[in-house]
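Participant: If you read the protein sequences in the order shown, they are chains A and B. Reading the first sequence from the start, the letters are residues 1 to 177 in our numbering. Reading the second sequence from the start, the letters are residues 178 to 569 in our numbering.
Simulated from the structure, these hints should not be mistaken for lab results. Any given hint could turn out to be false.
Claimed, not checked - Each computed SDA-like pair below joins lysine to any residue, with the alpha-carbon atoms no more than 20 Å apart: (1) B:K423 with A:F56; (2) A:K88 with B:I456; (3) B:K423 with A:R51; (4) A:K88 with B:E451; (5) A:K88 with B:K565; (6) B:K565 with A:G42; (7) A:K88 with B:Y440; (8) A:K50 with B:A486; (9) B:K423 with A:I57; (10) A:K22 with A:F56; (11) A:K31 with A:Q160; (12) B:K565 with A:V173; (13) A:K31 with A:F110; (14) A:K153 with A:V173; (15) A:K88 with B:A486.
In case you want the letters, here they are:
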Amino acid sequence: MSKPLGVLARFSNPAELIDAAKKVRDAGYQKFDCHSPFPIHGMDDAMGMKRSPLGFIVGAMTLTGAAVGMGLQYWTSTIEYPLVISGKPFFSWQAFIIVTFALFVLFGAFGAVFGMFHLNRLPRLHHPLFYSKQFESVTDDAFFVSIEAEDEKFDATQTQAFLSSIGGSNVEVITGE
Amino acid sequence: MKFDKHTHMLLETGAIASRALIVGALGLALTLLGVFMDRAQFFQAYLTSFTFLTTISLGGLFFVLIHHVTGAYWGIVLRRVAENLADTLPLMALFMIPLFFGMHDLFHWTHEEAVAHDQILQWKQPYLNVGFFVVRNVLYFAVWIWLVRGLKTLSLKQDKGDSGNLVKMRRRAAGGVVLFAFTVTGFGFDWLMSLDPHWYSTIFGVYVFSGGFWAALALLSLFTNMLRKSGADELITMEHTHDLGKFMFAFTAWWAYIGGAQYFLIWYGNIPEETIWFIHRWEHGWKAVSLFLILFHFIIPFVILAFRAAKRVPALIVSLAVLFLVMHYTDHFWMINPVFNDHHLHVSWMHLTALLGMGGVYLWWFFFNSSKHPIVVMNDPKLEKSIKHIVH
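Just chain A, same shape as in the assembly (with noise of 0.2 Å):
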């Protein structure tokens, strides 16, 4: 038998998924997540989940474009290319602050966007998950807790066993087979 990749336990309704996800929680288990058709209402407390950093990733990207906005344009128009447009002086804040608004905004929306996908973690072609048949049914009727292998307090036997215990059924170890 090779070695496992972590384990799945199935619950019956959204409620049970919510209660098991604040057992799982209060074990101790940091790598696990909770799988259903549709989002749940009250999901991220009950996991424990903390707030997710991507506002900063944005304000630091916002913070960046407004510099390389206002960064170019002051060195293209005064540095190494100086020309006088309609009288007015080489450094006319006036006339870059729409290119340095426009980059602003459009490094906060790359942050938004790849900062998403880096926290979560995408794109992904395949997962251990998908080695499960009873998995399937995910996208349908069917509400899931998988703890990683990768946990520090993960063990096949007990964390099985622990997931039985909160009222699991369908206990399954993923193993890549």
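Based on the hints, put chain B in the right spot on chain A.
Facilitator: Relative to chain A, chain B alone:
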């Protein structure tokens, strides 16, 4: 103040309302003395308070209108507060009447001898003449009062169980936003832009609106916080404070966007009759006020409100709301005063007394209205959803 959970009524507002009325009456009485001392100064100070407060009321009206038009549910618990804020417009209509007697002191274009020698003003005369000015401003207020009273009456009927009113309110609000856009633009053009009758900026009405809605959000936030402390915290939660904070953040950027757009286009064009308006607000001491506006009307609130925590700490959001009101007054002071004092920065004691006077009566009216009917709407189909609203 005390909030009754069963009837949604706000009780014991008498003390605060009567204090506001006393301050208001004293302020107005003192300001009235100013008429005999310096008539022109009196009307300048009076106008500053008048446009400051009217734009806030209009912000309240806009809050009600967009809530009906979009069908948003998060702010249902705040709708009555916004309705009461907008319901100060009848009071502002009364406050407008004295201004009609000060038009000669305020508006250069009413001076016939000046118009006789000025081709531009002659050309503008079909629009800028006393008769039409009075008629259209009475009309603006008539439209606003009709909108406010109509929507509030339907909303009060809904409190008593008439749920079909939701569609009626939405229809009226949909037409209302169009009327609102035109009338607010007209209001800004008339009372603020025409002070400098040679100058023009097509975006000016939007600028006046943006500041008003911004300040209205601050006042809503302040009052919401008072309500939460008075026992309404089960209905109006931290989530609503947070969402108001988001609105405050967005409209901080919006004000700067519109003000900036107005400035940059004029800077680009560099045509003397357009740039003069900004030169009057940059030279002879006015530069300090302009920089103060940029810093405290935009940069500092923008940076602070960008952080989630800032929108969820009541003490911080209350301080910001007070700053917003101070800055909104500064904004109107900055629009009105350089027209009369372009050679030096000048503040009169009448600015303070007029603000306290009109503001005191305004608050008294607002608190009095707040105590007459449930302060949180009842029987709205979306009320439950609004109470349980959670910000993600």
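Participant: Next step is simple, just say for each hint if it's right about the structure.
Facilitator: Cross-check of the supplied hints:
1. B:K423 with A:F56: This hinted pair holds, its Cα atoms lying about 16 Å apart.
2. A:K88 with B:I456: holds, 16 Å
3. B:K423 with A:R51: holds, 17 Å
4. A:K88 with B:E451: Within the cut-off at roughly 17 Å; holds.
5. A:K88 with B:K565: Roughly 56 Å between the alpha carbons, so the hint for K88 (chain A) and K565 (chain B) is violated.
6. B:K565 with A:G42: holds, 12 Å
7. A:K88 with B:Y440: This hinted pair holds, its Cα atoms lying about 15 Å apart.
8. A:K50 with B:A486: Holds: K50 (chain A) and A486 (chain B) sit about 15 Å apart, inside 20 Å.
9. B:K423 with A:I57: holds, 19 Å
10. A:K22 with A:F56: violated, 28 Å
11. A:K31 with A:Q160: Given that 20 Å is the threshold and the Cα spacing comes to 15 Å, the pair holds.
12. B:K565 with A:V173: violated, 39 Å
13. A:K31 with A:F110: Judged against 20 Å, a Cα distance of about 28 Å means the pair is violated.
14. A:K153 with A:V173: holds, 15 Å
15. A:K88 with B:A486: violated, 42 Å
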